[in-house]
Every structure is written in structure tokens, then in C-alpha cells.
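Using the sequences and the accompanying hints, generate a full structural model.
There are 2 protein chains.
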Amino acid sequence: MTAPEQLTVVADNVDARMIELLDAECKKWTEVDPRLTELVDELARMVSSGGKRLRSAFVYWAWRGACTDADEVAAGEAAAFDAGAAFEFLQTFALIHDDIMDDSAYRRGAVTVHTANAQRLTDAAWTGEPRRYGEGVAILVGDLGHVLADGLMAGRGQRVAKLWDELRIELNLGQYLDLRSAAAGDFDQATARQVATFKTALYTIVRPLQLGASLTSAAGAASAPAPGQVSSRWSEEDYRQMLNRLDRFGRPLGRAFQLRDDVLGLVGDNTAMGKPVGDDLREGKPTELIAHAVANANPAQRQVLEQIGDRNMSSDDAQRLVNVVRETGALEANEAEIERLLGESKQALATLDFQPEAVEALDALADYVVERDR
Amino acid sequence: MTAPEQLTVVADNVDARMIELLDAECKKWTEVDPRLTELVDELARMVSSGGKRLRSAFVYWAWRGACTDADEVAAGEAAAFDAGAAFEFLQTFALIHDDIMDDSAYRRGAVTVHTANAQRLTDAAWTGEPRRYGEGVAILVGDLGHVLADGLMAGRGQRVAKLWDELRIELNLGQYLDLRSAAAGDFDQATARQVATFKTALYTIVRPLQLGASLTSAAGAASAPAPGQVSSRWSEEDYRQMLNRLDRFGRPLGRAFQLRDDVLGLVGDNTAMGKPVGDDLREGKPTELIAHAVANANPAQRQVLEQIGDRNMSSDDAQRLVNVVRETGALEANEAEIERLLGESKQALATLDFQPEAVEALDALADYVVERDR
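So the sequences go chain by chain: A and B. In this text, residue positions in the first sequence follow the working numbering: the first is 19, and each later residue adds one. In this text, residue positions in the second sequence follow the working numbering: the first is 19, and each later residue adds one.
I should point out that these hints are in silico values taken from the structure, not numbers from a laboratory. Hints may be right or wrong, so weigh each one.
Note: identical chains are not told apart, hence a pair may lie in one copy or across any two.
What the hints assert, rightly or not - In silico SDA-like cross-links for lysine to any residue, where the CA-CA straight-line distance does not exceed 20 Å:
#, residue 1, residue 2
1, K46, E389
2, K70, A128
3, K180, G169
4, K180, R35
In C-alpha cells, the structure reads:
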């Protein structure tokens, strides 16, 4: 399925904003010391290597849906694109740091930051350990992305600030639980679902939606409330209700997104994903799909599944594991669950008191999220 | 020299605020999943391991100095301690990430986060490489500190937000230049000074001072300007002038601080610093002190100095290097430069139109910064 127009139009605007900001940073630091811009260049390289820009689309369309008229849209659109760009910088930061933790050599087809900079030390015959240097640079490139994200999200009022802090903590904790579970061998379904709730349902869908809609509390300087005050636009009760409705739309969609990701991570086309098939199995990522397979495996199948997390797994081994997962019925059950969750999500979408073009866009995004092939 | 009272009183309040926030996070996440609190616990362990809390003292006393009366002090003190705590969380984040890059096993006498968590994987006989796991956890603990820092700094108006973004980018770029110079063997004086400007003069002194004073633009909700507006409290011209004066006080003091740090890193008491003597030499940190020694060395001395950056340097080798640095007259010249810079800084302090108790406090802090023995 190709990306819907409502996604690409947001992506184009958000990308332009990110590039504008990166160009300004490059220009500023080149004048101080050209070596400094290498850090900005690396961030730009990762930003430009692609990504679906899903989070910024959810931000944008939830904001559009919560606007009351064309004047409000015209006055607040730049802030909505800024918030979208903030999410994409945050995502780039998270991916750069994740790639260190997983030691991934490629991301979206591009060489990862820690890999490229380790190679740079070797090529230049500099002093030190290539791995430590590469990872050090990647930590800093990620941190820079985090700061730029944050700069774009500043000054949007208390409600936005609160959500922005919360989602960043959830992102961190989700990644920790992911890392820890893979290390400790916790492949139970409850852990897999907890990780997916933090990293996908909340961070990728629910929080972007809620934050986008909250921008209407403080979109422009003129109508914005003073710090510490909430907007008169939404009473506390109406605001709570809106957040809850967006949660009911986004949470099942987020779970469906994760279940689709699990399938693509297992049997997807590796060139489209930009990472080799079997990587998720080698890393021992705790997914609901694998948890389902383990729970329904017979003793012989279970023995094969115990190879999960083996870093030295061959392609043949990985293929045998995939076959066993299929035999347990886990893939079929997964597809049924995705359909059920999409239905639940769309029912909640109908309860949102949003502008029609926004409802249409969110509907198209929901389909894309579960039917995508990368 | 023991820490002045004006430092310890701020440190106590800032520490209490940090612990309060960490306790709240612990409580919140224990209820979701006790494993999540391990990340918060690690951050709390590093926060509690000490630190001089210099940055928060500069924030606080610059804010106090810029206040006009007791009412303003009473209304804004909580925000000033919050901003101080934000700096200390940011510093903890930076140190945790720096310790990965330098592979330091200890910090302020405590085992570093990446070292402790690598050991944990080994002790628990979990799957994976201890080093990668330990560093992954440390990246996330650092990132969590960054988010908490940011949450404390939100909603203080455009001027504060701008400074906060700028100093975080400077911190990042300074650390990159430090890392890169050590790897590339760039030990020239200009590079050493550039790194010191970013990491010490600006990040440790000038920016905390400027940000503290800027809190008077938006200390409480009542008098705060709307987002996008600047406070009527300071006209743009007065505000610029205040920032410039604080720069003239803080920048020479920051250079003096760095020069003192360089001495302590070379010949200081290792138990007081919490890191082994010779570490700076082994890491090949580009310092002005070393640059001065290299520039003034005779051929025989220069040959000894070329060992800088050798990770396997013995204690005897390190001691011989220290002796050579001393023989070049670099230590003596360094002390003279510290005195000159302190004088320059104190002259600028006299031009600040600040409350007397704040001027007295900043004077005591300046003495402490250059005379401290750890």
C-alpha cells in the first residue's frame, strides 16, 4: 500500500522545516569552527535517509481536527508543522541511540552513525578504539537531535509541555524494558505488550494525536494563555474527554501497528525495511507474535523456538524458526487480531467531534498503518 | 578551600527538589512495572553521588541579583531552584554519557552507570555482551536525566527557552570537539581553548548566570509574558546589556575554572577527584596547560610529551610526564593566568547593577571556583 496523500503532504512540510533548521545550525557553527558542523551533518544525514513521518501526520491531523475554523488553521499551521518536526527529530534521536544498543549497521538503507564514525577513525588512522569513538559520536548526534526536537516544542503552553515530557519518559522506559527483557530472556506476552504499549501505542500514535489536538490550547501567540494558565478554549473537562477519545482511537491502532511491525520484522522484505531478515530473532526482541508462538508450540516446536536471541543464527536457522512460528498458527492469529483492533479503532474515530477532512485523513492513516508493507 | 555557605544553601534546596522529583517518578512507575524503576534508581544513584552544584549556585545568585525587591524573591524562589535542579540533571545526563565515551569506571567515587550495568548482566548470567548492555542502559539513564532537566525548565518564557537550547547545543558541540581532538591528536592551544569555552566558560558559568537573571523575565505566572512576547520588566536593550555584563564576569572566570581543572586533572589528589591521576594524560585531553607545555618544550621534553594519549601509560610514565610539564614552566604560567583572569572577572562583577547580597555571593563563588582543590 502506498502512503496516503494526507501523509505525504505533511511529510513534505515537516521535512522542509527540519532541513531549514539544520541548515541554520550548519551555517552558524561553520563560522565558529568547521569541525563542529560534522555533528550537524551526521544528524542531517540520518534525517534525510527517510522514515514514514507517521508521528508528524498524527500530530497534524489531530490538530486540524480540533481546530474550529479556517482562521484557526491559518494561524496555527506553522506551529503544527513545528510540532511534527519535533517528533521526527525525537524519533531520529531515539533511532540513533537504539542503533548503538542493537549494534545495527544499517538504518533505512543508510550506514548508522556509530558504524560510520567508527570507520572514520580507522580510515583516518586516529588514536583510540574505533567502536568507542563511533558510539561516542553517535550518542552526541542523538543528543543534538533531542535538543533540536525540544527547541521546536517550546512555548506551546503547559498542556503540550506536560504531554511532551510524559511521552519522552515513556519512550525511554519502553526502550529500557525492551533491552532488559531481551537480555533477561523475558519473552512472556505481558512484557511484550508492555513494551509495545510504551514504544508504539503511546509514543507513535496516542501521544502525537493528543499533543496535536492540545496545540489548539496554545497555537499562536495572540490567543495563547500565560504560562501556568490553561486555555479557555477547552474546559478541563472537555479537554480530558478529548484526550480519552483520542486514546480510544489511538491505542488499538497502536497495537495493530506493532503487530504489523512484528510480522514485517519476521517475514518482511529486507530491502524495503532496510535491515536483514532474522535480525529481530537474533536480537531476541520480545514480541506478542513470538510470545503467541511459544505459548502454542508443541515440545518439538518449542525446542526450535529456544534459538531465539542467538546472535550467531544462520539464515537457514532463521528460516526454520519462521516456519515454526507459522506452523503454530501465530501469524494467522496475528492477522485476525490486527483486523479486530482496526475495527475497534475506527469505531472510536467516529466518536471524535472533529472536522470532516481530519476524520477522513485519520481514517486513511489508520488503514495505512496496518496495511503497509514496510 | 571549603565551599562557601552561598553554595551549600542552594545545593541543599536543589538536591531536595531533585530527590522529590525522582521519588515521584519512582512511585509512578513502580505501580506500572517495578522493572521500570531500575532506570530511575540508577539516575538517583548518580545524582546522589555528589557534585559541587556550582551551576545551580550561579543560576540562583544571578537570579537573586536581578530581582528588585523581597516580594520578587519570595514569588520566584521556587522557579529559581527548579532551574538550578534542571542544570544539575543536565549535568548528570552529560556526565553519564561522557563516562561511556571515556570508559570511566568511577565518577565521584561511585561506580559509573555503564560499568555497574555491564556487571549486572554478567552477575545475572543474562544473554548478550556485558559492555553493550551496560552502555545501552547508561545511554537511557542519561536520556532520562535530560528529559527531567527539560521538564523543570519548561514554561519560563522565550528568553529562558532560547538560552536553554543554546547552552545544550554548545555542551554537545564542546564534547564532540573534545572527543574528536583527542582522537585526531589536535593538541593545539586554539582547540583546547575552544573546547574550554564551550564546556566550561559557557556551559558551567556564563549560561547559568544569564539564564538565572533571565528568570526575572518570567518568574511567576502573574507577571509572565505570553509566549512569543518578551517581558516588560527588561527592555530589549537593558536585557542585552545585562547579558553582556554577565558574559564579561563569567567568561574569564570560566577560563580560570578550566585552568584550575587542568591542574587538578594533572597533579590533583585522586581520591578527592574520584578518578585516578594520569587519566587526563592517558585520554589525551586537549588542555591549555598541555598545549603551553608542548609549545615551550625543548626537543627532549617534547619527546616525552609525545606519550600523551597513550592508554597503556604506567604510573611512572605519567609521573615523568608531569615532571616535564612542570619543567617547561607551564604550571607556573598557569597560576599567573588564573590570577589575572580572576582579577578581570571581579572587575566586571563590580559593573553589575545587582543586589549587594548577590554580589557578595558571586564574589565568594568566584574565589571558590579558582581556589578549590577538587
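Results for each hint:
1. K46 / E389: neither (43 Å within a copy, 35 Å between copies)
2. K70 / A128: Within one copy only: 15 Å inside a chain, 42 Å across chains, cut-off 20 Å.
3. K180 / G169: Classified as both: same-chain Cα gap 15 Å, cross-chain 8 Å, threshold 20 Å.
4. K180 / R35: between (24 Å within a copy, 18 Å between copies)
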